[in-house]
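Trainee: Sequences listed follow chains A and B, in order. Sequential numbering of the first sequence, starting at 1, is according to the working numbering. Sequential numbering of the second sequence, starting at 1, is according to the working numbering.
The set of hints was computed from the structure by calculation and includes no laboratory data. Heads up, a few of these hints could be off.
Chain A regions said to be covered by chain B (calculated; three or more residues, Cβ under 8 Å) [what the hints assert, rightly or not]:
#1 188 to 196
#2 277 to 283
Between beta-carbon pairs, the in silico distance windows are [claimed, not checked]:
#3 A/69 <-> B/161: 52 to 62 Å
#4 A/53 <-> B/111: 42 to 52 Å
#5 A/114 <-> B/26: 35 to 45 Å
#6 A/149 <-> B/93: 34 to 44 Å
#7 B/61 <-> A/24: 24 to 34 Å
#8 A/219 <-> B/136: 48 to 58 Å
#9 A/296 <-> B/142: 55 to 65 Å
#10 B/57 <-> A/253: 31 to 41 Å
This structure is a prediction, so every number in the text was calculated from the model and none was measured. Positions of the beta carbon are idealized from the N, C-alpha and C atoms, including for glycine.
Below are the chains, spelled out letter by letter.
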Amino acid sequence: MRLPPGTRDWLPAELRRKRAVESVLRSVFEHWAYDEVQTPNFERFDALEAGLGETVAQKTFVFADKSGTQIALRPEMTTPVARFVSTRLRDAPLPLRLSYIVPAYRYEDPQEGRMREFTTAGLELIGTESLEADVESLATAVEALDALGLRDAHYDINHAAIVDGVLAGLELDATGIAHAKALISGRNIVALRARLAGTGDARAVDAIVRLAMTRGRDEVLEIAGRLCHTDAGLAGIERLRGVLARAAELGFGARLNVDVSLLRDIEYYTGFIFEGFADEVGFALCGGGRYDSLLPRFGFAAGAVGWSLAVERILIALERRHQ
Amino acid sequence: MSAGLTVAIPKGALFADSAAQLRAAGIDVPDDPGRRLELTAKDGTRVLLLRPTDVPAYVEFGAADCGIVGADVLWESAGSVCELADLGFGACRLVVAARRTDGYHEGAQLPTFLRVATKFERMAEAFFAERDLPVQLIKLHGSVELSPLVGLADLIVDLVATGNTLREHDLVVVDEIAASTARFIVNPVRFRAKYAAITELLAKLDPAVRA
Numbered sequence: 001m002r003l004p005p006g007t008r009d010w011l012p013a014e015l016r017r018k019r020a021v022e023s024v025l026r027s028v029f030e031h032w033a034y035d036e037v038q039t040p041n042f043e044r045f046d047a048l049e050a051g052l053g054e055t056v057a058q059k060t061f062v063f064a065d066k067s068g069t070q071i072a073l074r075p076e077m078t079t080p081v082a083r084f085v086s087t088r089l090r091d092a093p094l095p096l097r098l099s100y101i102v103p104a105y106r107y108e109d110p111q112e113g114r115m116r117e118f119t120t121a122g123l124e125l126i127g128t129e130s131l132e133a134d135v136e137s138l139a140t141a142v143e144a145l146d147a148l149g150l151r152d153a154h155y156d157i158n159h160a161a162i163v164d165g166v167l168a169g170l171e172l173d174a175t176g177i178a179h180a181k182a183l184i185s186g187r188n189i190v191a192l193r194a195r196l197a198g199t200g201d202a203r204a205v206d207a208i209v210r211l212a213m214t215r216g217r218d219e220v221l222e223i224a225g226r227l228c229h230t231d232a233g234l235a236g237i238e239r240l241r242g243v244l245a246r247a248a249e250l251g252f253g254a255r256l257n258v259d260v261s262l263l264r265d266i267e268y269y270t271g272f273i274f275e276g277f278a279d280e281v282g283f284a285l286c287g288g289g290r291y292d293s294l295l296p297r298f299g300f301a302a303g304a305v306g307w308s309l310a311v312e313r314i315l316i317a318l319e320r321r322h323q
Numbered sequence: 001m002s003a004g005l006t007v008a009i010p011k012g013a014l015f016a017d018s019a020a021q022l023r024a025a026g027i028d029v030p031d032d033p034g035r036r037l038e039l040t041a042k043d044g045t046r047v048l049l050l051r052p053t054d055v056p057a058y059v060e061f062g063a064a065d066c067g068i069v070g071a072d073v074l075w076e077s078a079g080s081v082c083e084l085a086d087l088g089f090g091a092c093r094l095v096v097a098a099r100r101t102d103g104y105h106e107g108a109q110l111p112t113f114l115r116v117a118t119k120f121e122r123m124a125e126a127f128f129a130e131r132d133l134p135v136q137l138i139k140l141h142g143s144v145e146l147s148p149l150v151g152l153a154d155l156i157v158d159l160v161a162t163g164n165t166l167r168e169h170d171l172v173v174v175d176e177i178a179a180s181t182a183r184f185i186v187n188p189v190r191f192r193a194k195y196a197a198i199t200e201l202l203a204k205l206d207p208a209v210r211a
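Only chain B is shown next, with the shape it has when bound in the complex (with noise of 0.2 Å):
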């Protein structure tokens, strides 16, 4: 019963799981959509298949009226979508980290000014805010864990999921910032005029909605 209802997920790291629990609540997202942007499934729901951090805008806009997105892309994006429920998938820290040799992680004593990369400025510059460390952000698009390696920057911030990179790169993580799985969310009126299509597609995602 969702049809009419248009879904957007995330391609990437997340994509096979955003497929698999569509696929579990009847909507037939093929494992393998190619280098398709829309699908439209059997039962009539059309799924966008967008960057990740394009799902929130999507929503927002009411492009689509729901998504699933992780929770590190909702931090950065500064617009106003429900989050209706945590899918528990994709799980993965924002963490502060150095390089092993600085001994930061020990207790070392910062540098009075630090250099900071991010691709995720929002949250970075909330969390030395908070701790009234003057910093300069530095802001990259990818491969965030090479700066400090260079001399670009004195701590990064970036998601781990396993800590792979972090070790093969002789980096250690001196704080942790914040959580994030992926995420179910809609626009705020399309929940109010598709609320029976979104509760159904939401019940059959949500274990902790379904309970």
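The following block holds chain A by itself, in its conformation from the complex (with noise of 0.2 Å):
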């Protein structure tokens, strides 16, 4: 009797690990108000493929049910409450608070922290485009990683515009962008420069490409500044500098640092993103930003941020502590 590749069953030891960690979760949300909900673990794929982007929905399990409706199961929470709220909940006053904790299916190769079944717990602040909104998301996550005894991971932002404003400064066409912006995010130093090689000025070629591997604080931002050539990306840069600032007077700007090669791999994104890293292991702990033109697709005119952690990857990072 073989599982399925990316599954695994839960001995009592090991689910009361993982409801322990639910639970400190459930603790932090109920603290800052935000309200749990629930959507159906399999949902019309129509429904949902408007939102997920073309990355994740080629890593979503889809099927047909009897009567030939493609059904999907939910490859991430954001775009199914997106889906909820918009129809559900567009009267409610906002700003909106919700939280989840459920499961999600990938197909993904399964790997240590890359499951096909996992557990998708996290936070939509949903109806505000704010400073404030974006540094409270943020601020939920590093107290969701202090409760559960990771109180020393740390936290890479950055802001979906940036690259773009940065890019629009070379001669290059959509096709272009998106092969600069792959190998930015993978890091991959060597063919970017060659890729941007003759696209323009060899000294700001040379500095973009310096850019995709400079890690920092104001310094970066104030480098990306001169680099950057679209109001969007200056106003990204400004949102940024807001972010440092507002996490410095609540006691966690040191743990911050930006880092313009972050760029998801969900394409909602619009504005500030961020993920959490643990130094023991080799994936993000949690990760999420400002997704403004995703409820719009559901045809509800609302911006909104939020946050997400697979609890099975918490727990593997606070295995390996106690090691």
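Hints given; two lone chains; assemble the complex.
Mentor: Below you can see the structure in the form of structure tokens.
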């Protein structure tokens, strides 16, 4: 009797540890007044497809039910929540604070921290585009990982418009920009240097290549500001300055780094983006950001920001810590 | 200040230049490490001496923070590591070669179904697929240049540095697929976690970054 790849059983002791993590998360979510919601584990693929974007849609389990309708197992929870809010909660007073801890499914090559069935837990703050909302989203993630015992986790932040603003100064068509962004995101600096050669002033190209491998705080934003050619990019840089300043006031500024190569693989992000890391594990512990164009795709004009984590990844990180 | 880093470097053809680069960066790797598999430099840097094809796996899974490896090895490894710098040494080319007497290099008609012997399956497959040429790939692990001489393959896809091996076997280059040099690679999460140490080592290794 074999399980399908990327699935697992939970022995009583393992499940106790998982439930303990979920219970810590629930208490943090409640403390911040995020109300828990659920959606079906499977729903019509066409209802989700609009929100998911190509990368995640390709990893979604899709099958036909007996009537021939295409059904999808949810690959993440942000899109189902957006669908749900835009239909059932569209008259609710904004902003909405919603949380969830539910199973999700992705057709991944199974590896540590990447299973085909996993538990996604997260928060969505809907109906506000403010800096304070971005800061609250990040602060709740920091508090959740702290409460779980990952107090030395550090966080990389970025804004989705910065790389576009920087690349706008070069002679690149849409395909070239998409290619360059993929190389920046994978930090394939050698290929990036080759791809950008001859697309603009050699010193500017060199500076962009260096920016793709620089992490820091205000100094990185200063460099990015000099290289950025769009108002949206400059506004993104200002937003990150704001996040850094507020985070410093809240006491976790030193745990943040700006990294313009942080481009999350879900296409709906439009603004502030972040991921949390611990040194022991080779994957992000949590991640999220602003997705102002997602709810409009469901006919509901509202900005939103949120984050999620995979409970199984937290368990791996905690296990490593105690070894 | 690279103390605390674990660096994977390849034994074999790229070892001497890799060791020299690390020494220039202040990490005392001996010319001849003998049969040692790992050593700790005076500054505390741990150096792993690996088979070249194993370097990407050690870096990908974080057993090493960073490493030096030929681009030719990265072509065939599916793993996700960041390629931060072209170190310039160890230059070679991946070429399609055939027997001189077959005349393929002068435009002689290729057989309709090609047999191609290579160690570089991914690169060879992509190259022939792009040209819509049906081929049967024969994976070999060494002495690929022998295969056309004994009728095992019509063509080979192999690395060429000086071209001497091809000449010795009366083989000629039919096409060039890619050029390779040594690369500095890093584990994406370790790059974040040990940013200062890795950036400092990189600056000492790579003239383009230092400039």
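Trainee: Of the numbered hints stated earlier in the document, which are not met by this structure?
Mentor: 6
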